[in-house]
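Asks: Each chain, letter by letter, is given below.
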Amino acid sequence: MNVSILAGATTKFGELWSASPRRMVREVVDLVRAQSGLSLAKIDGIFVGNMLSSSLGNQDHLGAFFAEELGLNVPAVKVEAACASVGMAVHLAFLSVLSGRYKNVLVIGIEKMTDFKPETVNNALMGAGSDPEREAGATFPALYALIARAHMEKYGTREMEMAQVSVKNHYHASLNSHAQFTRLITLEDVLKSPLVASPLKILDCSPLTDGAAALILSSANDKKGVSFVASAVATDTLGLSQRQDLTSLKAARLASRQAYTQAKVTPNDIDVAEVHDCFTIAEIIAMEDLGFFKKGEAAAAIFAKKTWLGSGRPVVNTSGGLKAAGHPVGATGVKQVVEIFNQLTAKAGKKQVKNARIGLTHNVGGSGATCVIHILKRN
Amino acid sequence: MLSPVKIWRNQKKIRSLLNKNGEILSFTKVYVPPAGFEAQAPYVVAVAKLDDKTRIIAQLVEWEDQDLKIGKKVHTILRRTKDPGIEGIIPYGIKLKPLD
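One line per chain: the protein sequences are F and S, in this order. Take the first sequence: its letters are residues 28 to 406, numbered as in this note's numbering. Take the second sequence: its letters are residues 16 to 115, numbered as in this note's numbering.
By construction, these hints were calculated from the structure, which means they are not laboratory data. Heads up, the beta-carbon is just placed ideally off N, CA and C, and yes, glycines get one too. Treat each hint with caution, since some may be false.
As the list claims (entries may be wrong) - Covered by chain S, per the in silico footprint, the following chain F stretches (three or more residues, Cβ under 8 Å):
| id | region |
| --- | --- |
| 1 | 88 to 100 |
| 2 | 217 to 225 |
Claimed, not checked - In silico lysine-lysine, BS3-like type, Cα no more than 25 Å apart, as pairs:
| id | chain 1 | residue 1 | chain 2 | residue 2 |
| --- | --- | --- | --- | --- |
| 3 | F | Lys181 | S | Lys44 |
| 4 | F | Lys130 | F | Lys251 |
| 5 | S | Lys68 | F | Lys181 |
| 6 | F | Lys374 | F | Lys39 |
| 7 | F | Lys277 | F | Lys322 |
| 8 | F | Lys181 | S | Lys87 |
| 9 | F | Lys404 | F | Lys381 |
| 10 | F | Lys277 | S | Lys64 |
| 11 | S | Lys64 | F | Lys181 |
| 12 | S | Lys68 | F | Lys277 |
| 13 | F | Lys219 | S | Lys44 |
| 14 | F | Lys144 | S | Lys44 |
| 15 | S | Lys84 | F | Lys181 |
| 16 | F | Lys322 | S | Lys35 |
| 17 | F | Lys277 | F | Lys291 |
| 18 | S | Lys112 | S | Lys87 |
| 19 | F | Lys219 | S | Lys112 |
| 20 | F | Lys322 | S | Lys84 |
| 21 | F | Lys181 | S | Lys88 |
| 22 | F | Lys381 | F | Lys332 |
| 23 | S | Lys35 | S | Lys112 |
| 24 | F | Lys130 | F | Lys39 |
| 25 | S | Lys35 | S | Lys88 |
The shape of chain S in the complex, shown without the other chains (with noise of 0.2 Å):
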């Protein structure tokens, strides 16, 4: 469940990724959503490694067939993740857009 509480606390984490470089691990083009994503799929989920060392998961965005492999230089912004649900809040989060 989304908690308007738990939305504003994480997004305190979100900064800290925002803005970064890296390279994608590996990729799905997922078909079948859960519930709340009904309405963007097919959408791409990767892993990547940022230049800093993290790993993260998240969509990729913005994205043409010959984006989609390992090793893509990837760079992270803030979007719109999620159905707002009953709580009405927009949920925002990190995404991934491939480097030229």
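Chain F with its partners taken away, still in its complex shape (with noise of 0.2 Å):
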């Protein structure tokens, strides 16, 4: 079985005070369904991928509540895995049309941020963590600090290194109408900014966000789309703690693995990938858990520009990354496919990355807890 894209959106990313969840979904599900050209009455079922709806905003049995927006009656469910939720809705949504049960499926991803006090939705992000890490009061910028300075003991990973994810995230932003921040920034900037948790500054951290994005998938066959070769999820502690190694994500090397044999490709084969920079040491991890440089020389390659858009390959975040697209939680993960699926339909604009055929996208829960990837390839 196929499982194809048939269309994919997301709203503009950022402060949306005066747009409601209700609203934003409403946006996005009519931009897919004008792009398919499929009526909603043909939507098998709907897979939200959202994590604050409980916590922050006092609203459970998200799936009924966005089918009420819709106007349908199919099953509708919520998805949650942190800040995975919406990859982990998409794995789901895939094999639901692999089954072959359901033709065509909606995924939503949500997440509304910026109407409450960073302090609160510090408090509330943490129910991605353990006890102790909550109880040791760690936020996610601490734990991810715990392992930037792993990594700087142990491969000699510099600020600046870090510091430069953040520019060239900023520069690829700064091309996509649709992102949170289209300001250039420099290294300076970057490592001038205030320390939120040593050695992480502001500008190393991805922002809170508002936004929606939305995918359907269908078994339809498409012989000029784009369809899934792989999708693939591994688990790990969820607190940092208990891990053997602080400098890698164990739940990314698997799934990535994973992901590689389903789709009989190597990381030499992927074009463009949408990685969870969600702190610009996640970048460098994630291209050598996925393989695309060595332990330890992914820093160095990230400073020489070796997956900048024009420079290199694969090219990286071209969205401009949880970093600069913005980070809402629960929509990131839809975001990343959207952002492929554009670039392989040769639609990404002035950020599209020449001749894209093979693209990947890696969405991460927690510190590391869940890993999904995607590999999507044009027919």
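Dock chain to chain to rebuild the complex, using the hints, since each chain is given by itself in its own frame.
Replies: Now the structure itself:
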């Protein structure tokens, strides 16, 4: 069975105080409906990716909530896996089409974060961590700072190399009309920005963002379209301290190896990738876990612009990544797939990677307790 | 949310981690805290490996600048962890103290 993507769209990402979750979802669903030419009556099921509707928005039962908004009575369910919620929703939607039971499935990713105080949001996000992490007063920047410090110690990774990840992703976002931050920044801007959790500074961190994104997955055979050639998930310990190695995410290594096997490709075949750069160190580690560079060599490669648009392969985070396109946690995983879909159908505009044929997405939950990998191919 | 029952249940685990030696595997100084930790910031959070191979995450207390390094020997102690909140129960937990 071939599972293809009929359409994909996102809202503008940012501080969307005037937009409600209902309106944001309505906007992206209208876009994918128009793009695919498919009537909503043909949708067999809805998978909603979201993390914080319960802890921040006081709204559970999100499947029915959005089915009501769309005037549908089909099965609808919220999928939660922290920041990998909607990557997991895409995985389950993929399996539902693969099973033959559903023909056309709608995946929605949505998060509303900027309505609340940052301390409140930080607290809610730590729902993705472990009890001892919360008791220690750790935040997600703190957990990734612990990873960064260990990586610096083991491989000599420098703060300037981490900063370069932000500089690149802001450059890519400057070409993306839907990104939260479209201004260019310099290494010095990053290095001089205030500390959040040492050694990570505010410009090493992805922002709080409102945003929604949607995809339609289908068993319809579209000869000119884009198909999934892999969908793989792995999990690891919830808490960071339980892991033997702080400098790599085991879930990402396991899921990507599985995905390469499913797709019968190697890391060298990937033209374009959207990876989970919630913090700059996370993109460096992702490059190593995904097999694009050897352990300890990714930071220097990124610094030498080997993953920048127009100067290397694979081109990484053409959307601007989580850092600059924004990180509405429950929408990020589907935004990544939308970006790869646009790249493979040559609709990525100014950020188009020439002749992109195979693309990969890497969506991470928590400090690496869940990792979802998708590989897409132009038919 | 801090439930008194959950605090009571978790406190049974504390004893097994108390009065142990270990070393720092990584650390960070947190400048932007979550709710309930505002009064303590900035504070240091560390991952440590205890001599019995248990790995824990906890705050480091009574540190000086020269203690902030990977490999620093530490000792586990009992300390208040965060604000009591509306329940009024003072939560205790494990923290790390540098060894000379």
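Asks: It remains to establish, for every hint, whether it holds in the given structure.
Replies: Hint check results:
1. Here's how the region 88 to 100 of chain F fares: 0 of its residues keep a CB closer than 8 Å to some CB of chain S, so the rule of at least three is not met and the hint is violated.
2. Proximity of the region 217 to 225 of chain F to chain S, defined as three or more residues with a beta carbon under 8 Å from a beta carbon of that chain, is established by the 5 residues found.
3. For the proposed pair lysine 181 of chain F and lysine 44 of chain S, the alpha carbon gap of about 19 Å is at most 25 Å, so the pair holds.
4. For the suggested pair lysine 130 of chain F and lysine 251 of chain F, the alpha carbons sit about 18 Å apart, so the restraint of at most 25 Å is met.
5. Distance check on the hinted pair: lysine 68 of chain S and lysine 181 of chain F sit about 20 Å apart at the alpha-carbon level, within 25 Å; holds.
6. Restraint check for lysine 374 of chain F and lysine 39 of chain F: satisfied, since their Cα atoms lie roughly 17 Å apart, inside the 25 Å limit.
7. For the given pair, lysine 277 of chain F sits about 13 Å from lysine 322 of chain F by alpha-carbon distance, which is consistent with the 25 Å threshold.
8. Proposed proximity of lysine 181 of chain F and lysine 87 of chain S is supported: the alpha carbons are some 16 Å apart, at most 25 Å.
9. For a cut-off of 25 Å, the pair hint linking lysine 404 of chain F to lysine 381 of chain F stands: about 14 Å separates their Cα positions.
10. A hinted pair counts as satisfied when its Cα atoms are at most 25 Å apart, and lysine 277 of chain F with lysine 64 of chain S qualifies at roughly 19 Å.
11. About 16 Å separates the Cα atoms of lysine 64 of chain S and lysine 181 of chain F, which keeps this hinted pair within 25 Å; it holds.
12. The suggested pairing of lysine 68 of chain S with lysine 277 of chain F holds, with an alpha-carbon distance near 20 Å, which does not exceed 25 Å.
13. A C-alpha spacing of about 17 Å is found between lysine 219 of chain F and lysine 44 of chain S, which places the hinted pair at or below 25 Å, so the restraint holds.
14. With a C-alpha separation of about 22 Å, the suggested pair lysine 144 of chain F and lysine 44 of chain S falls inside the 25 Å cut-off, and the hint holds.
15. Pair hint lysine 84 of chain S plus lysine 181 of chain F holds up; C-alpha atoms about 13 Å apart against a cutoff of 25 Å.
16. The hinted pair formed by lysine 322 of chain F and lysine 35 of chain S fails the criterion: a straight-line CA distance of about 33 Å is larger than 25 Å.
17. With a C-alpha separation of about 21 Å, the suggested pairing of lysine 277 of chain F with lysine 291 of chain F holds against the 25 Å cut-off.
18. The suggested pairing of lysine 112 of chain S with lysine 87 of chain S holds, with an alpha-carbon distance near 10 Å, which does not exceed 25 Å.
19. In summary, the hint linking lysine 219 of chain F to lysine 112 of chain S is not supported, as the alpha carbons are separated by about 31 Å, beyond the 25 Å threshold.
20. With a C-alpha separation of about 23 Å, the suggested pair lysine 322 of chain F and lysine 84 of chain S falls inside the 25 Å cut-off, and the hint holds.
21. Simply put, lysine 181 of chain F and lysine 88 of chain S have alpha-carbon atoms about 19 Å apart, close enough for the 25 Å limit, and the pair holds.
22. This hinted pair checks out: lysine 381 of chain F and lysine 332 of chain F have alpha carbons roughly 17 Å apart, not beyond 25 Å.
23. Between lysine 35 of chain S and lysine 112 of chain S the alpha-carbon distance is near 11 Å, which keeps this suggested pair within the 25 Å criterion.
24. Between lysine 130 of chain F and lysine 39 of chain F the alpha-carbon distance is near 29 Å, which puts this suggested pair outside the 25 Å criterion.
25. Distance hint between lysine 35 of chain S and lysine 88 of chain S is fulfilled; the C-alpha atoms sit about 11 Å from each other, no more than 25 Å.
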